[in-house]
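Undergrad: Kindly produce the complete structure, drawing on both the sequences and the hints.
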Amino acid sequence: MRTSTKVFAKVYLWVLLLVLYAPIAFIVVFSFTEAKSLGNWTGFSTALYQNLFNGSMQNSSGLLAAVKNTLLIALAASVVATILGTIAAIGIYHLHGRKKNVMTFLNNIPMINPDIITGVSLFLLFVFLGISQGYMTVILAHITFCTPYVVLNVMPKLQQMNPNIYEAALDLGATPAQALRKVLVPALRPGMISGFILSFTMSLDDFAVTFFTRGTIGLDTLSTYIYADARKGGLTPELKPLMSIIFLIILIVLLVINIRQSKQQSDKH
Amino acid sequence: MQENDLIIKLEHLSKEFDGVKVLDDVSLDIKKGEFVTFLGPSGCGKTTTLRIIAGFTKPDAGSVIMEGKDISEVPPYRRPLNTVFQRYALFPHLDVYDNVAFGLKLQKVPEDEIEKRVKRVLKLVSMSDYEDRDVESLSGGQQQRVAIARALINQPKVLLLDEPLAALDLKMRKDMQIELKEMHKKLGITFIYVTHDQEEALTLSDTIVVMNEGRIQQIGTPIDIYNEPVNCFVADFIGESNILKGRMIRDRRVAFIKHEFDCVDEGFGEDVKVDVVVRPEDIYFTTDPAKCQFKAKVNSCTFKGVHYEMWVDTDTGYELMIQDYDPYPVGSEVMLYIDPDDIQVMKKEREFNSFAAKVKGEGRVEFLDTEFECDTQGFEEGEQAQAVIRFEKVDLLDHEEDADLTGNVEFILYMGDHYHLTIKTDAGENIWVDTNDIWDKGDFVGIKILPGDITLHKVASGNE
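Chains as they are written, first to last, in my numbering: chain A, 1 to 269; chain B, 270 to 733.
Since the hints were made in silico from the structure, they are not lab data.
Any given hint could turn out to be false.
Calculated lysine-lysine pairs in the DSBU-like style (CA-CA distance at most 35 Å, straight line) [as the list claims (entries may be wrong)]:
(1) A/K157 / B/K566
(2) B/K450 / A/K182
(3) B/K627 / B/K617
(4) A/K157 / B/K301
(5) B/K454 / A/K182
(6) B/K617 / B/K527
(7) B/K388 / A/K157
(8) A/K99 / B/K290
(9) B/K374 / B/K388
(10) A/K182 / B/K560
(11) B/K278 / B/K290
(12) A/K68 / A/K157
(13) B/K440 / A/K99
(14) B/K566 / B/K617
(15) B/K301 / A/K182
(16) B/K455 / A/K182
(17) A/K157 / B/K377
(18) A/K182 / B/K710
(19) B/K450 / A/K100
(20) B/K627 / A/K100
(21) A/K157 / B/K440
(22) A/K99 / B/K693
(23) B/K566 / B/K455
(24) B/K454 / A/K157
(25) A/K182 / B/K392
TA: Spelled out as structure tokens, the structure:
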């Protein structure tokens, strides 16, 4: 009886993991073969990886530009969102009663709001304000949807923090700016970092908002590039290795963060 | 000359938070090198006063004068005083050394001097071997020592301490009290201390400032405050006490618990209502009928360590608390006396409830934001009047129905044969009630006043 439930639990877990990771495994496996059409295995080869890096794939410069755009937009948006979100969190934390609840609620709405609505409404806003769309509008749009996540990540750190430490810094002779830099930011740093990472990944994989705010100057990020590419008669084969590499990078980043966290925790005890 | 001895002068400080007055015209002189304690229940304004001195809170009115200069507009980081916070408020990302060195590093003091001074101040608080420790790995008492070291290293002229020992256990608290007192003696700087613990205040202070409801109740040495409380609040808050209604017959003669006693107080006038305080340790047992002033029966007897605490019923129907080294068996008849010196007579703060009222019409009057029925004969509609209600005529109900208005029990005083309650109404005003029923502090009560128990008085002419 007990062994059978144990077996069932194990099988259930593995099936679940399989379903979750099968698509990724599929891409990674088929990135190591030369077949043009998806799902055909023509023997192991690293040709697609070579093509990707030596620029011999078709429209390689377009892809390179898209990758560059994606990274630049993600970096700019998440840096600004982290600063704005942290300041906003400090502000909301110091509100009281009703005002605090209202502000927290207002901060939560954009996160629940479907991307497509955020995208269309930002598009309409930019048109209404007469702002020509391009790099700037995409970055602004990404800042918009990233900031609430930073607020959400910094808030718990503020609540854990001893409310007197800012005053203690002032008391010891720090100006408000020094107190912010030397005491408040170090105390909030873990929340700011997780907010930054979350913003960065949110910006990386955004499609809907980018699609509506990039304008007509031909600005492409990875997601819009792949979308366009897939619509033009099938996915370029070299995108498979590219996605595998992105997955690998994300995996490594996550592992590093987790290992660092568990190390910090064991240091404290 | 005398002005030169002052380090801090508070002038008419007032502060409101969300419409609630937390400080009401507080003025105080603090001498150089003094150990001053603000003592009072939570919400009495003691911490707000400290925060105003530190510069974290701006008063709505009044000013803080330090060494003759008005520092009301000076930001906290430019005031030559430092604070020890209630929950230590150490910087969690810095170790002990860097926490203590924080102030000096801001001042760009050379590194070797910082090291010397950190070592010296850590030695002062007996934390010499802890320099490299993570502050979160320290116990509460150790964290508090680091917090004190961090505040002292800037060599402030005044050290502010906001309930610094509140989070420690009893034994640790007692040890730290002694250490703080020694530190104060050694450093010679002014300590301004905030606590709700009367014993701590009595142990540590040169001067105690008792506060309640945003006002200073009494300023004095621990001995003065204990022996000569100026009102029922102070008498009740500091130590144990029997607080009783009394009547001053003439100078040096007072009546209470339906007996007459010699006392040392003068100047109240003849046949004047007063309040009387007798400390439980000042009522003595005697076997000599000539010494006996009144008789009583022992009602309960509890061992308290050093002494026994007994409740006795007097032959006139009052209940008194007595503390004595020797126990007397429950049920025994005892003879008691009180020395004239040990009777503290206080001016009565109030004899009845009195509210500004407005006559709303025939038989109707409004006060405390509520309309009441009462006899309005001789008053015109719209006329301002004074509504007077005796304490015992206010009825308290444990439900809202039938009640004229509602409130919360703020303060309870046992007066030997009844309770004197302070009720804060929902409109934020106090109404006082004498009752035999037992209520708890914070209880939500309905208040009912019968039409016949409200008497209207004319307001002095000329004012609307």
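Undergrad: Now, for every hint given, state plainly whether the structure supports it.
TA: Evaluation of the provided hints:
1. A/K157 / B/K566: violated (61 Å)
2. B/K450 / A/K182: holds (33 Å)
3. B/K627 / B/K617: Holds. B/K627 to B/K617 sits at ~27 Å (cutoff 35 Å).
4. A/K157 / B/K301: violated (41 Å)
5. B/K454 / A/K182: holds (34 Å)
6. B/K617 / B/K527: Roughly 18 Å separates the two Cα atoms, so the pair holds.
7. B/K388 / A/K157: holds (32 Å)
8. A/K99 / B/K290: Judged against 35 Å, a Cα distance of about 22 Å means the pair holds.
9. B/K374 / B/K388: holds (15 Å)
10. A/K182 / B/K560: violated (71 Å)
11. B/K278 / B/K290: holds (21 Å)
12. A/K68 / A/K157: holds (33 Å)
13. B/K440 / A/K99: violated (43 Å)
14. B/K566 / B/K617: Distance of about 29 Å is within 35 Å: holds.
15. B/K301 / A/K182: Holds - the C-alpha atoms of A/K182 and B/K301 are around 33 Å apart, at most 35 Å.
16. B/K455 / A/K182: holds (32 Å)
17. A/K157 / B/K377: OK: A/K157 and B/K377 at ~30 Å, within 35 Å.
18. A/K182 / B/K710: The given pair, whose Cα atoms are some 44 Å apart, is violated under the 35 Å limit.
19. B/K450 / A/K100: violated (43 Å)
20. B/K627 / A/K100: Measuring from Cα to Cα gives roughly 40 Å; hence the hint is violated.
21. A/K157 / B/K440: Between A/K157 and B/K440 the Cα gap is close to 33 Å, so the pair holds against 35 Å.
22. A/K99 / B/K693: holds (27 Å)
23. B/K566 / B/K455: violated (51 Å)
24. B/K454 / A/K157: violated (40 Å)
25. A/K182 / B/K392: With Cα atoms ~26 Å apart, A/K182 and B/K392 stay inside 35 Å; holds.
This entry does not satisfy hints 1, 4, 10, 13, 18, 19, 20, 23 and 24, going by the numbered hints stated previously.
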